[in-house]
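Student: Spelled out, the chains give:
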Amino acid sequence: MTLTGQYVAFFLFALMAITGGVFMINLNKVIHMVLSIGLSFFGVAGLFVILHAEYLAFVQVLIYAGAITIMMAMGTMMTHHATAEVLPRRKWHTFLAIISAITIGGFFLYGIYKITWPSEMAELNDNNVMAIGEKIFTNYVIPFELASILLLVALVGAIVLAKKEGDE
Amino acid sequence: MTDLLHLNWGLLAPELTIVIIATVITVADLVMNDKGDRRVFGWISVIGIIIAIYFTVNQLNNPNGVEYLLNNTYRVDSFGSLFKLIFLVGTGLVFIMAINYIDKKEIKYDGEMYYLLLTALLGAMMMASSADLITLYIGLELLSISSYIMAGMKKNNLKSNEAAYKYVIIGGVSSAIFLYGASYIYGLTGTSNIIEMASRLPNAYHGDYKFYVYLGSFMMLVGLAYKISVVPNYMWAPDVYEGAPTPITAFLSVISKAAGFAIITRIFVTLFVPLVIAVDPKTNQQMTFFSHELALYLAVIAALTMIVGNTMALRQTNVKRLLALSSVAQAGYILVPLATLTVVSVNNIIFYLMAYLLMNIGVFTVVTIVNKDAGTEDIRSFAGLYHRSPLLGVAMTFFLMSLAGLPITAGFIGKFNIFVGALIEDAYWLAGVMLLTSVISYFYYFNIVRQMYMRPGHTEAPLRVAYSLQLVILLTFLGTVLIGLLPNVALDFIANNLNINDMFNLGITK
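Those sequence lines, one after another, are chains V and H. First residue of the first sequence? That's 3 in my numbering, and the numbers climb one at a time after it. First residue of the second sequence? That's 22 in my numbering, and the numbers climb one at a time after it.
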């Protein structure tokens with residue numbers, strides 16, 4: 003495999019996405035977790051750019067890396083997290099988890115490497131924002147509207163579950 | 022480009038009714054005084070559901086066959102309409118339970134509870150009436166997210182908090198697994214419409230991409246397994262069912278599970294039954310991916326689910342945990358017809374789900390009444406029920422007999438059909454497991470019956486039951502017994518209205 007710029011970029015972004023995720027799980031302070039998941043989001047955005055999905059990359063940065071990370075950081079600052087909770091680690095648990103993750107990951111990798119993909123590039127629409135917009139507002143308008151109800155439900159749920167009862 | 026305004030939006034009538042009622046309730050909830058009685062929202066919802074049932078029954082007799090909107094992102098076919106009837110009737114009964122159950126001290130936001138029940142119902146309906154993975158998935162999430170919130174509605178109850186928390190984590194992970202699997206199938210076929218997918222999948226399968234077909238189908242199955250709580254993904258069920266408010270537990274065990282079966286049947290039958298992997302040289306018969314690869318996994322899952330659910334239920338003393346594991350076992354029974362697929366399998370699934378709806382809603386209604394009176398969810402709260410309220414005791418006995426699969430009940434007919442279906446397909450071991458685990462299930466079902474008749478209760482005072490709950494119990498009781506005595510009425514209804522070819526048929530649009 004030749005070392006092209008694309009290959010290097012892919013490697014960097016993939017590393018960002020994975021390390022962000024690993025840190026997110028293993029760090030103890032909430033604010034550190036938020037920052038590492040932000041790193042992971044940026045890595046994914048980079049991968050989208052490599053795949054010529056610029057619009058998705060843009061949305062990924064704007065919504066995930068931007069809005070969600072900032073929201074979580076703000077939320078962390080406004081609530082009390084004086085002590086970082088250190089969870090007791092169960093050795094057997096960790097061991098079994100690592101073994102099963104390696105087995106499943108290895109199985110997937112084996113299968114994916116065994117298969118040769120056709121190498122010609124697909125015709126990609128240069129104007130993919132327009133293509134996505136057209137699809138969403140014609141063919142996929144029903145799931146789109148359904149998703150708006152879904153967001154409303156999530157909003158109502160967040161308020162109901164997280165609201166502090168003042169009058170009691 | 023399609024002109025959106027000229028589409029036949031009337032097809033969406035059942036769903037739109039639910040959306041409109043949900044919107045009206047949200048707005049009315051905002052306007053209403055904080056101390057106002059919100060039970061009226063529950064009754065408005067019940068009326069809305071009855072209207073939606075009317076629309077759905079009308080669509081069932083649609084002379085045009087399958088109709089769809091926008092490239093099958095929404096479709097009306099007999100399979101979907103029958104499932105929608107199950108969801109609507111079930112949710113209607115759950116509403117009546119909820120109206121009586123909600124106590125302002127425990128559930129402060131009851132207006133939201135009704136709203137979330139409606140959106141969950143909407144999600145379930147969408148899961149039954151689409152042939153597009155994107156709509157199906159958003160329906161699934163709408164149902165799931167509404168359910169997570171409803172499970173945690175008792176905010177000051179630790180168990181309820183735990184239920185919501187466990188449910189959201191397991192649900193999220195399962196969703197991710199499902200999507201990962203679906204992405205492989207999407208990648209192979211380049212479309213999210215499952216009927217088109219099915220037509221392109223044989224190319225991919227025979228063109229050296231077998232591994233992805235296996236991986237994709239297997240991961241989709243594992244991901245969806247959580248919705249019907251079968252073996253790889255059943256462990257959340259006891260905790261969530263115990264912590265959630267009882268009407269919500271009934272909702273999860275009946276409607277949510279039926280929706281899970283709807284989406285599994287829809288995706289797997291549509292995608293993998295037309296996928297022919299080889300032709301048997303001796304009999305010259307086509308071997309399909311579904312019956313020669315997937316069926317084995319399904320059978321193993323079904324068998325393990327029946328064994329695990331039934332044996333674990335033996336040790337439970339909390340009645341809601343017991344019923345949770347019983348519903349795990351029931352999901353195992355309902356998977357058997359899928360694992361031994363014949364032309365009547367889907368009929369059997371729908372019939373069993375109808376019977377299951379009646380008996381399980383009935384059981385949970387009685388549980389709601391008894392637990393509320395006793396203030397505990399222990400199985401001993403049933404002690405002396407027969408002496409306190411003979412009719413309630415008899416009804417409960419029938420529901421439990423039906424769950425156990427004893428004659429003259431709907432559950433017996435459903436189980437018998439499934440059993441015979443397994444025998445016809447020569448799946449003797451699966452039928453054997455089913456028979457054996459059914460016998461095991463008698464122990465825990467009759468443990469409750471023994472408490473009702475033979476143990477002295479803490480009081481002999483007659484148990485008062487609200488009229489609306491009496492109505493629910495009467496309806497479910499009559500349904501359970503009548504379907505048990507005259508099964509042909511229900512079987513003919515399904516056979517006349519279900520056209521299994523609808524699932525593979527693109528349909529028409531106007």
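These aren't lab readings, by the way, just hints derived from the structure by calculation. Some hints could be false.
Said to hold, decoys possible - Partial chain V-side listing against chain H, Cβ under 7 Å, derived: (1) G113; (2) N141; (3) I144; (4) P145; (5) L148; (6) A149; (7) L152; (8) L153; (9) V155; (10) A156; (11) L157; (12) V158; (13) G159.
These figures come from a predicted structure and were not determined experimentally. Glycine residues also receive a C-beta, built at the ideal position from the N, C-alpha and C atoms.
Student: Run through the hints listed earlier and report the numbers of any the structure violates, in increasing order.
Tutor: Hints 8 and 11 not satisfied by this model.
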